[in-house]
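Asker: My request is simple: use the sequences and hints to build the entire structure.
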Amino acid sequence: MIRTLTHLGLALPALVMAYAWRSQSLGVDPQKALILETGIWTFNLLLVVLFLPVASRWAHWPVVLKYRRAVGLWVFAYATTHFTLFLSFYLGWDFVRLAEEITDRPYVLLGFGAWLILAALASTSTRPAIKKLGRRWKPLHTFVYLALVCAVIHYLLMIRSDWSWPVAYAAIGLCLLMLRLRRARWLRTRN
Amino acid sequence: MNRITDQNAYRRRRLIAGALGLGALGTFGALRYGDGTVSAEQADKDAAPGSDEPTVSDKTGERLTHKFAATHYNNAYEFGWDKTDPVEKSGGFELKPWQVTFDGLCGKPGTFDLDELMGMPFSQLEERVYDFRCVEAWSMVIPYNGRSLRDILSVVQPLGSAKYVAFTSILRPEQMPGQASSFSTLDWPYVEALTIEEAMNPLTFATFGVYGDQNLPQNGMPFRITVPWKYGFKSPKFVVRITFTEERPEATWHKENSREYGWYSNVYPDISHPRWSQATERRIWSETEVERIPSRPYNGFADQVAHLYPGDQKQYR
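Protein sequences appear in the order of chains F and D. In case it helps, my numbering puts the first sequence at residues 1 to 191. In case it helps, my numbering puts the second sequence at residues 1 to 317.
There could be a bad hint or two in this list.
Under the rule of at most 20 Å between Cα atoms (straight-line distance), these lysine to any residue pairs were calculated in the SDA-like manner [as the list claims (entries may be wrong)]:
hint	chain 1	residue 1	chain 2	residue 2
1	D	Lys255	F	Trp163
2	D	Lys255	F	Met158
3	D	Lys255	F	Arg160
4	D	Lys108	D	Arg14
5	F	Lys66	D	Lys108
Think of the hints as simulated: they come from the structure by calculation, not from any bench.
Answerer: Right, here's the structure in full:
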């Protein structure tokens, strides 16, 4: 029940976007609006996924960790949609141009890098993969923080003049990163 | 602390953590969608009649971008950074009275009312259809109402020593929320500038309306300059002062980031913006139709303006 509701909640932004697209209420440039929205929701859920272990530890609330994988997979789903729409609307599936964009433009490179990391993490999130990776699974999945750093810079590079949103995301991302680093240090000194 | 209070403390923490997460999402939703960024009602209310039909200029027969699209998707950072801010936040902007001051190196400096600058009734002004090409790689085809800027400039008699013309936009933070915003890094008022040859080119258009409509602050009315072979930000909006100078004036976006926004900023498809390609543009025809098309040197006006830029194009980027 809770699991179904969780998935529904995570799908909700996508459903609203799909409805807005169909009813033509995304404004004058719906392609761009959709790319921005899928990007921002990738970011939102990425922050949620990183917030879950913090909340779980602080409030002794292990049950929330059961949903971490579900949220993580949705992060990848939104990221993939974001990337696919960019490929389709902005590059017209021209993979030569994609290669040029990746080498020429740091924001595309960082976005692509973040997506690759998320793809690697999503594909190693199946039960057999977790089993097979064993003790290496955990260090591999701390790369989600590298994806976060890429995403933060990716967003900061989009600024033309107004910096309020990207900086807010960078600040929250930085907080979560600091908490993780503090915990890593604590784990090291404890041993 | 005994086990019961321990449990209570954790229960409280769970509430706090849950509230923090939901609160963050709620705040996000209110800030991002609360002002109607994605608003179906807005689109329905203002939708142009017959909005699936292509619109065509009465005078030239050219296909135009729908007025709804051209008036609901604008960059006017004076009102805010979002494309819908100009239409949504310009309600309090007073278009009248409007005066323009001419000063600097000219024989007859002075201040003129808008009617004097038009020199004829608004309805008799020329209509010109130009492709508006934004530096962000989208474009729209827009009918502009006005007259060649040089007809106005020649009245105030620029001196031979005048090499450049600076255009200063209005500073009115009480009516322009983007100017009042502490999040904006731009230095207000907005200033753009052209060389005297560019300003006197017959293509450069003193603009008093678009789509036959003078009441569109989101499009820079009541008075803007349209320079069709350059990226859109080189076409200053809400102009109140025109200054002739010998030294090259600083321009707002160039000052903000000269690497990304060149002083000349002619449309050169071969020269990329550092963050994206300028080889193609997304032509916005309406809310439902966007077409990707190749961009053209000087936005299609190479015949008429390329001679102004001898030598390597890079120096005029």
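Asker: Which earlier hints turn out false for this structure, listed by number in ascending order?
Answerer: Going through the list in order, the structure violates hints 4 and 5 and respects the others.
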